[in-house]
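Whenever a hint applies, use it, and build me the whole structure from the sequences.
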Amino acid sequence: MTKPTTTTSRTCRFRIQGMTCSACSIGIESTLQNINGVQRVAVALATEVAEVEFDPNLVTLSQLLQASENMGFEVSIISAGENTTTLHLKIENSIQEEELLKTSSIAKLQGIEAIELDPSHKKLTISYSSDLIGPRKIISELESSGIKTSLLDEREQEAQLKNSDIKRYYHSFLWSLVFTIPVFLMSMVFSYIPSFKRGFLDVKVVNMLTVGKLFRGVMSTPVQFIIGWRFYVGAYKAMKIRCANMDCLVMVGTNAAYFYSVYVVIRSWTSKDFDNEDFFETTTMLISFILLGKYLVALAKGKTSDAISKLMELTPETARLTIYDEEGRLIGEEMIDRRLVEKDDLVKVLPGEKVSVDGVVVMGESQVDESMVTGESKWVSKVNGDEVIGGTMNRSGVLHVRVTCVGSDTTVARIIRLVEGAQMEKAPVQKLADRISQYFVPLVVGSGTLTWLCWYIAGILDLYPKAWVPLYMDRFELALQFGISVVVVACPCALGLATPTAVMVGTGVGASHGVLIKGGQALESSHKVNCVVFDKTGTLTAGKPTVVSTKLLTDMSLPDFYQLVAATEVNSEHPLAKAMVEHGKNHVQTQAWSEARDFESFTGHGVKATVHDKCILIGNKGLMQRFDIQIPRVASDYMDDAQRLGHTAVLVSVEGDAVGVIAVSDPVKLEASGVISILKKMGLKSLMVTGDSQLTANVVAKEVGIDTVMAEAKPEDKAQKIRELQREGFTVAMVGDGINDSPALAVADVGMAIGAGSDIAIEVANIVLMRSDLEGVVTAIDLSTKSFNRIRLNYVWAMAYNVMAIPIAAGALFPFTRFRLPPWVAGAAMGASSVSVVCSSLLLKYYRRPRELDLLELQGIRVQ
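Each residue of the sequence shown is one higher than the one before, starting from 1 at the first, in the working numbering.
One thing to keep in mind: the hints can contain errors.
[Claimed, not checked] The following label-pair restraints were derived from C-beta to C-beta distances: (1) Ser396 <-> Gly72: 48 to 58 Å; (2) Thr221 <-> Ser129: 45 to 55 Å; (3) Glu143 <-> Gly364: 48 to 58 Å; (4) Ser381 <-> Asp555: 37 to 47 Å; (5) Arg626 <-> Met556: 15 to 25 Å; (6) Glu143 <-> Gln17: 29 to 39 Å; (7) Lys614 <-> Gly332: 30 to 40 Å; (8) Arg168 <-> Asn36: 43 to 53 Å; (9) Ile181 <-> Thr318: 46 to 56 Å.
[Said to hold, decoys possible] Cut-off 25 Å, straight-line C-alpha distance, at most; resulting in silico cross-link-like pairs (DSS-like, lysine-lysine): (10) Lys137 <-> Lys123; (11) Lys528 <-> Lys544; (12) Lys786 <-> Lys518; (13) Lys714 <-> Lys578; (14) Lys786 <-> Lys685; (15) Lys167 <-> Lys123; (16) Lys272 <-> Lys90; (17) Lys518 <-> Lys685; (18) Lys585 <-> Lys544; (19) Lys721 <-> Lys621; (20) Lys614 <-> Lys585; (21) Lys90 <-> Lys167; (22) Lys343 <-> Lys137; (23) Lys544 <-> Lys702; (24) Lys544 <-> Lys578; (25) Lys466 <-> Lys108; (26) Lys148 <-> Lys123; (27) Lys528 <-> Lys621; (28) Lys343 <-> Lys528; (29) Lys137 <-> Lys122; (30) Lys466 <-> Lys544; (31) Lys518 <-> Lys845; (32) Lys466 <-> Lys272; (33) Lys108 <-> Lys137; (34) Lys137 <-> Lys148; (35) Lys551 <-> Lys466; (36) Lys108 <-> Lys204; (37) Lys621 <-> Lys714; (38) Lys721 <-> Lys681; (39) Lys167 <-> Lys137; (40) Lys148 <-> Lys122.
If you are wondering where the hints come from, they were derived from the structure by calculation, not from laboratory data.
Nothing here was measured: the structure is a model prediction, and the numbers come from that model.
Think of the CB as a built atom: it goes at the ideal place given N, C-alpha and C, for glycine as much as any other residue.
Here is the structure:
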């Protein structure tokens, strides 16, 4: 559900507890969407999380919180925005919200964006801008106001929320059994023992009111109104947001049974000839079985977010903070909680310790294992000025790191946000289920009422023999049982859980394999892919090119040549540019490159700048032709020879004259040919589009096994090629890494970005291959296929269950077999359907990537 986005937007996440089925999530989405300034709302039933994109100029975070709470649900902040950090604190002393606002100046501090107090749990949540204030300052300010606090562990808090939900249903179920078992025994067991029936159950208290009826009524009342109170609350919340949910169905069914039974008790009490049977066992057993189903679903749902928990465990809990005096002298070290680290702090990392923060090395040298984040098994050298990632392992030396990112801005936090965002994203197939669920409950209540009416009228008109009516019932009660069974058995819980649980598990499994799938849309589209288009540089090749040869066309010396080249290319992020700058260090003694002015990049062609008042052009033939630069024959021949070897040839022009050619080699990734071969076996067509020359492209394509090549392509040409393939009927996946690939990634049905690529490419793509290897392409397509097959299976089961269960509950088999579905059995069946769907989704946790990839990896190890 979206509105047009404005230039100013912010995204926050809330935890919303108390939702029972997809009707609740749809109602919450609709209510929040109607608030002025809200641009997009997504509510995930399976995770109980709401993601809201809003314009902070039109609506505040506090107003959104208040609006959510007004719906009657328990709401708490998870994240206040991309550039905002959330601090969760436990208040040690007793304090109320009014006292907090009066006695503390915390709300007036610059950078504080929202304060939420939960007095019942003594929990304080503060959202703040990490650029303006840090957690130590906030805690210090609170303590100076007399408010003692301690940090709440996010992992422990998440586990507690899950466990409290599970325990709540478990204890409710056990208490319901305390009352339900005696009622069940009295109704279903002891009533068939003649001596017990005559000696106890049928003993009359007043008129026709027996001990059995009175006992069952007394035992059923706590179940209906105390243990079952949660269903009344849930139905009330649903009515507040103008939707009908599962709780409404439970309330209709149990209240019909309970209050009819109360009517029977009152009539038996006041009449000497009224002897109808009660339905107290129906209401107690129905609530008990529904609570059991909810307990099992909560237990299963708790296992669907294991991927997030594992990602959160990547970063260590503590950091070694180094403390300096005003003159910059080291005065001590202190082990602090990682969440108390602030920007620009200096943190020390010893050998064998995990890097606790994202930052820049300011002192020391070491080897760092980044495989847990990037998937790259080789250790990476880190020296002064290099960036390090929180969660990676320091292997050899001591590193002193200046903190650059904290809270939600860290690498691991961004990965978690991507996974959580993916789990929020609804697959198109789920939108249909949501629409069905929206109208399903009123339709079911109508069907139940119609069922009761039809059977009751049929009984009045003697359209079926009286012998069909059980001995302990009359025609009205038989009709009522059929109606209640229809209402209870048709609950759409399974339908609402079919997609989100599979998406949750599928995206989580993908993350554990280094494949970040951005939601249900990407998951659903990927399984349809039958054509994969690859970029060359950085995608099929390693993306770490090196200069292999240089051809000077004038009498310019190599140091002077590379001084101009490096001064120009140091401003570019392209891999070829970095290779030329790195090579320039071998020829120029000083690495303080001259300043380049008027730098301009021509995506897919090259760059232009002014160095020492000279106009420098570095790029391909297309760039030279654009500026009417004549290319000497010797340069063309040299370029052709280089390209036949699979090298990329780059021309350099100074003041309108071609002065040199640089040949750069970028080796093909070891797994590239194997991945292309696997894709062919899967029946997928593979192509390559590149801005490089035709000769170079052909060499690389031949090496990896791609037959169709489009070379010398501009960014817009790549996007146009994707559109052509789509018009031919292909569902296209584009795999790329650079800014020049972004248009094609956006146009493709599925965009796959290499994790080591540009931020723009990662932002545009539907899937991010965090380990930067091409095996992720096969994993993504295979996992999405298996996940979508699981979603299909879930829907088949959920729909088949309703299609079969509703007619049976309505009495379709009764005239032929005398078989009927009592309401308490219908409740058990409804709970079982939800549990089966969640368990079906959980089977995705045992996903194994295609065996061919394991063989490929073994071959790659041997090659290395």
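Now the hints, each set against the structure:
1. Ser396 <-> Gly72: 48 to 58 Å: holds (57 Å)
2. Thr221 <-> Ser129: 45 to 55 Å: Between Thr221 and Ser129, where Cβ atoms are some 54 Å apart, the hint holds.
3. Glu143 <-> Gly364: 48 to 58 Å: With a Cβ separation near 34 Å, Glu143 and Gly364 fall outside 48 to 58 Å, so the hint is violated.
4. Ser381 <-> Asp555: 37 to 47 Å: holds (38 Å)
5. Arg626 <-> Met556: 15 to 25 Å: Since the Cβ atoms of Arg626 and Met556 sit about 23 Å apart, the hinted range of 15 to 25 Å holds.
6. Glu143 <-> Gln17: 29 to 39 Å: holds (30 Å)
7. Lys614 <-> Gly332: 30 to 40 Å: Once the Cβ atoms are compared, 53 Å apart, the range 30 to 40 Å for Gly332 and Lys614 is violated.
8. Arg168 <-> Asn36: 43 to 53 Å: For Asn36 against Arg168, whose Cβ atoms are near 36 Å apart, the range 43 to 53 Å is violated.
9. Ile181 <-> Thr318: 46 to 56 Å: Holds, at about 50 Å.
10. Lys137 <-> Lys123: holds (18 Å)
11. Lys528 <-> Lys544: Distance of about 32 Å is beyond 25 Å: violated.
12. Lys786 <-> Lys518: Judged against 25 Å, a Cα distance of about 16 Å means the pair holds.
13. Lys714 <-> Lys578: This hinted pair holds, its Cα atoms lying about 21 Å apart.
14. Lys786 <-> Lys685: Roughly 20 Å separates the two Cα atoms, so the pair holds.
15. Lys167 <-> Lys123: Given pair Lys167, Lys123 holds - Cα atoms ~20 Å apart, limit 25 Å.
16. Lys272 <-> Lys90: violated (63 Å)
17. Lys518 <-> Lys685: Roughly 24 Å between the alpha carbons, so the hint for Lys518 and Lys685 holds.
18. Lys585 <-> Lys544: holds (16 Å)
19. Lys721 <-> Lys621: holds (22 Å)
20. Lys614 <-> Lys585: With a Cα-Cα distance of about 21 Å, the restraint between Lys614 and Lys585 holds, given a limit of 25 Å.
21. Lys90 <-> Lys167: The given pair, whose Cα atoms are some 22 Å apart, holds under the 25 Å limit.
22. Lys343 <-> Lys137: holds (12 Å)
23. Lys544 <-> Lys702: The hint holds at about 20 Å.
24. Lys544 <-> Lys578: Within the cut-off at roughly 9 Å; holds.
25. Lys466 <-> Lys108: Answer violated: Lys466 to Lys108 is near 77 Å, above 25 Å.
26. Lys148 <-> Lys123: holds (12 Å)
27. Lys528 <-> Lys621: violated (38 Å)
28. Lys343 <-> Lys528: Roughly 45 Å separates the two Cα atoms, so the pair is violated.
29. Lys137 <-> Lys122: Distance of about 21 Å is within 25 Å: holds.
30. Lys466 <-> Lys544: violated (86 Å)
31. Lys518 <-> Lys845: Holds: Lys518 and Lys845 sit about 18 Å apart, inside 25 Å.
32. Lys466 <-> Lys272: holds (23 Å)
33. Lys108 <-> Lys137: holds (13 Å)
34. Lys137 <-> Lys148: Holds, because 14 Å separates the two Cα atoms, which is no more than 25 Å.
35. Lys551 <-> Lys466: Distance of about 104 Å is beyond 25 Å: violated.
36. Lys108 <-> Lys204: violated (72 Å)
37. Lys621 <-> Lys714: holds (13 Å)
38. Lys721 <-> Lys681: holds (24 Å)
39. Lys167 <-> Lys137: Judged against 25 Å, a Cα distance of about 37 Å means the pair is violated.
40. Lys148 <-> Lys122: Holds, at roughly 11 Å.
Comparing the model with each earlier hint shows violations of hints 3, 7, 8, 11, 16, 25, 27, 28, 30, 35, 36, 39; every other hint is respected.
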